[in-house]
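Could you put the whole structure together from the sequences, leaning on the hints where they help?
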Amino acid sequence: MWDYTDKVKDHFLNPRNTGELEGANAIGETGSLNCGDALKLFLKVNENERIVDATFMTFGCASAVASSSALTEIIKGMTLDDAAKLTNDDISDYLGGLPKAKMHCSVMGQSALKKAIADYRGVQILEKPGQIVCECFDVTDLEIIDAVKANNLESTDDVTNYLKAGGGCGQCLERIEEVIESVKAKG
Amino acid sequence: MKIVYTDNNATTKVADEVINEMLPYLGQLYGNPSSMHTFGGQVDKKVTQARQRVADLINADPEEIVFTSCGTESDNSAIYSAINAFPDKKHIITSNVEHPAINNLYKELEKTKGYEVTFVPVDKKGLLDLDLLYNSMSQNTAIISLMWANNETGVLFPIEDIAKKANEKGILFHTDAVQATAKVPIDVKKTGVDMLSLSGHKIHAPKGIGVLYVKKGFKFSPFLIGGHQEGGRRGGTENTVSIIGLGKACEMAKENLPIMNSTVKELRDYLQNQLLEKIPGSSVNGDLEQRLPNTLSIGFDAVEGESILLLLDRQGICASSGSACTSGSLDPSHVLMAMEVPFKSAHGSIRFSLSHYNTKEEMDHIIATLVPTIQKLRDMSPFWKDGKMI
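Protein chains in written order, with the working numbering: chain A, 1 to 187; chain B, 1 to 390.
Worth flagging that the hints you see were computed from the coordinates, not collected in a lab.
Note that the structure is predicted; figures quoted are calculated from it, not measured.
Every residue, glycine too, gets a C-beta built ideally from N, C-alpha and C.
Cross-link-like lysine-lysine pairs, in silico, DSSO-like; alpha carbons within 30 Å at most:
1. A:Lys9 to B:Lys388
2. B:Lys13 to A:Lys9
3. B:Lys388 to A:Lys115
4. A:Lys76 to B:Lys385
5. A:Lys7 to B:Lys385
6. B:Lys90 to B:Lys113
7. A:Lys128 to A:Lys184
8. A:Lys100 to B:Lys344
Computed Cβ-Cβ distance ranges for the label pairs, DEER-style:
9. B:Asp88 to A:Lys149: 48 to 56 Å
10. A:Glu73 to B:Pro258: 54 to 62 Å
11. A:Asn46 to B:Ile390: 27 to 35 Å
12. A:Asp81 to B:Ile390: 28 to 36 Å
13. A:Glu73 to B:Asp364: 31 to 39 Å
14. B:Leu132 to A:Asp138: 30 to 38 Å
15. B:Ile3 to A:Asp6: 16 to 24 Å
16. B:Glu168 to A:Gly97: 57 to 65 Å
17. B:His365 to A:Asn152: 43 to 51 Å
18. A:Asn152 to B:Met337: 31 to 39 Å
19. A:Glu135 to B:Lys90: 30 to 38 Å
20. B:Pro258 to A:Glu177: 50 to 58 Å
21. A:Thr5 to B:His365: 22 to 30 Å
22. A:Glu174 to B:Leu132: 28 to 36 Å
Next comes the structure, spelled out in structure tokens:
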């Protein structure tokens, strides 16, 4: 059954700001066809580094579309500095919450936004630091450590829900477990 | 809102005739069929009739029918019985597109009991690699178990040919016929299978009732150990109401088999051809010929299954998808992956499975809903532009 809030349903059924944005001067892309969801975010940023317009194109489930739609609504009018502070929880909260297994949809929004901001500022996003743990979804140990700390994740299921890591072939589940344990051990 | 139910491979409507047949036994006629008194005995008579009706559908003898609680129990009973009968044989052959009901059992046997399981692959059309299958058969093989029809694509395996080879080599053969029952003719005598599973709720009987056919002469060992019921092959007081319902459903299934392979098949083909024609970038998953008459698995490029299902649901249309986002896992279905269906359409694959209750008007409603739905999702997909994939 569809376990979505009315707000998620609304943003899925009536997505705001879809399509390419003419005159966009910042673009952030994340996800892929293979993963099952992907988001392309278009921003128009003015000379004061304020986001004057934002649109998206998303391939994915209802919560991926809703998260993308919510993201564009939240960031319109923000300065890039403020937008850079946005977290995936802000997106999820805006929608009245997402089912646990769909949290990665909000993470995808945050990631596309980071990339768009980097694109505007001409900053190269370097090769991801850390070691790849999940080959299926290209997730590193450092990303897992960050997500575990930021969201108090306790199990491999939690990590999969947030980062997708471990949700494909499942071969890295033991390694994810070790990473969680190491974070816990350090307190 | 009117419901258009095209998810019959998930479960089916309990037929009115089946409900009517069951009602007296849910009410006044509650006796235990094992009792000595006439009150219980009349229920036993009805259970006997039901057993005969089930046997008639698959051309078995009534004493070869064992009632269980579901398809999963039937499958588990068959496999455990085989490995109990041949404790020295540590090899099992199956396919890589089986239902989780049995797939997870193999994984368990591999992990905890040291069994070697050969998962025979399928090709892009979902058809079995028969050479590999036949070459895998050895003296160490305890059982070969293959689904008769695939639940997601409807693709049929050549069960009769495989059973023949298995018989020649003296290897036990089980088939999970949960999806095939009531959709294609099944004749256990002609086919020569040793065991066969079927499930009530897929053929217009209620949930919670299954059958394991066990060929006469096989040294069967019960999975559920208890009383003398089912000839000592399955303990527990009979689920009389559901058994009686299943009997009626089997009788009706036999009558309806020609309808399934004419009217229902025509509806499925109509839906399939209209969608292929009206929606560019769509493709059918699975072999077009060796396929159940009621099943259509169709993939749409550059869109995702859950989104499609949710928009269909808004119009009262019930279907399902093998897509990641609806199943809790993140990869598309293991069946579509085994068939190497490309990711571009695997994530956007929808299964429509019909029954004789469906109508042409319903197919038209699905078509009229799906065409703009796919368009709407493609309009916001980053992988679709100007009428094609990018």
